[in-house]
Amino acid sequence: MTPQLAIFWLLAIISVVASLVMVRSRNPIRSALCLVATFLSIAVFYITLSAQFIAAVQIIVYAGAIMVLFLFVIMLLNMGAGQEMRDKGTLQTPIAIGLGVSFLVALLFSQRIVTLPRTNVSPELIDRMGEVQTIGANLYSPAQPWLFPFEITSILLLVAVVGAIIMAKRRI
Amino acid sequence: MFESLFNAFILPENVTWFGQNLHLPSFVPYVAIAGTLGFILGILPMLIWIERVVIALMQDRIGPNRVGPRGLLQAAADVLKLFFKEDFLPKSVDIRLYYLAPFLTMLIALSAGAVLPAQNLTFRHGDGTLFRIPVTVGDVNVGLLYILAMSSLGVYGIVLAGWASNNKYSLIGGLRASAQLISYELSMGMAILCVVVLAGSLKLSDIVEAQNQLPFGIKAAPEFLRGSVFSWFWLQSLIIPVILYTISMIAETNRAPFDLPEAESELVAGFHTEYSSMKFATFFAGEYVNMLVVSALNAALFWGGSLPPLNLAILHIVPGFVWYILKIMMGIFLYTWLRATLPRLRYDALMNLGWKKMLPLGLFWLFLLSGYSLIRDTIAEQKNSPLLPTTTRYIVTPEPVTEKVPALMTSERANATDANGNGASKPVTGAEMPSLVPPEEKPKDIPIP
Chain A
1 MTPQLAIFWL LAIISVVASL VMVRSRNPIR SALCLVATFL SIAVFYITLS AQFIAAVQII
61 VYAGAIMVLF LFVIMLLNMG AGQEMRDKGT LQTPIAIGLG VSFLVALLFS QRIVTLPRTN
121 VSPELIDRMG EVQTIGANLY SPAQPWLFPF EITSILLLVA VVGAIIMAKR RI
Chain B
1 MFESLFNAFI LPENVTWFGQ NLHLPSFVPY VAIAGTLGFI LGILPMLIWI ERVVIALMQD
61 RIGPNRVGPR GLLQAAADVL KLFFKEDFLP KSVDIRLYYL APFLTMLIAL SAGAVLPAQN
121 LTFRHGDGTL FRIPVTVGDV NVGLLYILAM SSLGVYGIVL AGWASNNKYS LIGGLRASAQ
181 LISYELSMGM AILCVVVLAG SLKLSDIVEA QNQLPFGIKA APEFLRGSVF SWFWLQSLII
241 PVILYTISMI AETNRAPFDL PEAESELVAG FHTEYSSMKF ATFFAGEYVN MLVVSALNAA
301 LFWGGSLPPL NLAILHIVPG FVWYILKIMM GIFLYTWLRA TLPRLRYDAL MNLGWKKMLP
361 LGLFWLFLLS GYSLIRDTIA EQKNSPLLPT TTRYIVTPEP VTEKVPALMT SERANATDAN
421 GNGASKPVTG AEMPSLVPPE EKPKDIPIP
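Protein sequence lines correspond, in order, to chains A and B. Take the first sequence: its letters are residues 1 to 172, numbered as in the working numbering. Take the second sequence: its letters are residues 1 to 449, numbered as in the working numbering.
Simulated from the structure, these hints should not be mistaken for laboratory data. Please note: incorrect hints may appear among the correct ones.
Pair by pair, the computed Cβ-Cβ distance ranges are [stated by the list, open to error]:
| # | chain 1 | residue 1 | chain 2 | residue 2 | range |
| --- | --- | --- | --- | --- | --- |
| 1 | B | Leu41 | A | Val16 | 49 to 57 Å |
| 2 | A | Gly136 | B | Thr122 | 25 to 33 Å |
| 3 | B | Met46 | A | Val159 | 48 to 56 Å |
| 4 | A | Leu147 | B | Trp337 | 40 to 48 Å |
| 5 | B | Thr129 | A | Val162 | 42 to 50 Å |
| 6 | B | Phe364 | A | Leu99 | 46 to 54 Å |
Computed from a predicted model, the values in this text were never measured in an experiment. Glycine included, each C-beta is placed from N, C-alpha and C at the ideal position.
Model the full structure from these sequences, guided by the hints.
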């Protein structure tokens, strides 16, 4: 077993177990923390795929900002104490398990049906693909069409912020 | 005379040791792990001593003088005392999270130190060429983002401690701490972005190297000012970013005058009210590690990292990490100085300062500095200009790259850029390129820099 494979299996087990605990836990805080653990292991997956920038952004945005907000909301609503969050006796659990298993089977057999194109890119070039310079130069270059959608998205976020302030304040 | 001394610092790339061929640059990360951990954990007891002595001096007291010479062993005595204190566990706490919180704080604070560039080591290649390698655990391309990520993860330890203790004071302290951290992270990010605009890289060793230039890029400046105190980014970024960063670094570590999360007059001890003995000590140590890391980042970003204050041979003989540690300790001294001088802020004043004053100023300054570096680069491009461009090594021209990426996808023809992004070095054809699968066939690994 190569070190890469060992890291992969370690992370795979951590992320799957953490996401299962997240779904099954009765305590919302524990669920939120397990989600953070899943996000962190996914960030390490990105690093093993030499996408350093996306890994850092994954940690900053998801684990560092969004989940902290989740924790805040859970704590301020005082949902922390272990509550009976699950309904019993509904069909939700067996249906979810069935759908999950069928999705897994479909994923496993998809390789037989569809053959994905394999690139012949060397590892050295892949290493550079995830760097900040490459991403920035391609995202913001005038020759590429990505600059305008990017700016539009940022305006969308600004609208969301302004909307939140207007909702929160009666008088501005 | 100095040349021979400099030669003593140059290491060979390969050495034979007990019949084994050792590739010395591969050992640099391990040296860095040992050095960083050793420095941080070794200096911790000293920090407590320094703080007590400096505050005693400022308040015209004697300070610690009972244990050891000049009270030097006071810190050891304190740690021993904490070891033997009762490990108190309050009722109805969430036990797992309660125990997890201090270690999370410590772990995240320590791991943020991984990308700090201590100094450069020079190696001699077999053919006589020299190359330099920054001594860091991982000289990653996104080093600054990594530190920001770690500092944003640092909230968890405090929030969890506040919540798991099942105590109102703890909870309010934890909420205050995390609100403060999140607010000041923004202005800290603005200050850091100002540096990134000037350096053109997120790699910390590159940022230190970018400060090794003539002040303001004036070609007429004398050579002893290259990489001197006047060309570091505190002055190059026109002073405001370093002020913003320093204020937000103090707020980030919850130290006086921003120590509202542990305001003893209101909240007993804030988020660590319910923690005793070594669990409290771990929090305490985590806070000091955080202080060291943000001071080290301050030194690397604004104060030239491992560069000596003037480009003189006699100052270059001192190894870079000594300068770096000196700059870090000046940050620590500032912390102590402020703690002894300033009263604590009121909570609304704290939020006002962060959101309404520092953040707009940071945004405005980022705008201003971008314009400044654009104008300076435009002037520098002209013939016989008196100026050098702000970013000499990292100007990425869009043209070759836009051709590169589709080519990468189809793997017909790709122009590899070198590690600095300096355009195309050598065209690689599809036949030459090894395939990703099977992995056994890939060419031998590039030595880890």
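Structure-based check of each hint:
1. For B/Leu41 and A/Val16, the Cβ-Cβ distance of about 35 Å falls outside the hinted range of 49 to 57 Å, so the restraint is violated.
2. Between A/Gly136 and B/Thr122 the CB atoms are about 31 Å apart, so this pair conforms to the stated range of 25 to 33 Å.
3. About 51 Å separates the C-beta atoms of B/Met46 and A/Val159, a value consistent with the hinted range of 48 to 56 Å.
4. Taken as a hint, the range 40 to 48 Å holds for the pair A/Leu147 and B/Trp337, whose Cβ atoms sit roughly 46 Å apart.
5. Range check, B/Thr129 to A/Val162: about 57 Å between beta-carbon atoms, so the 42 to 50 Å window is missed.
6. Taking the beta carbon of each, B/Phe364 and A/Leu99 are about 52 Å apart, inside 46 to 54 Å as hinted.
Violation of the numbered hints given earlier is confined to hints 1, 5; the remaining hints are satisfied by the structure.
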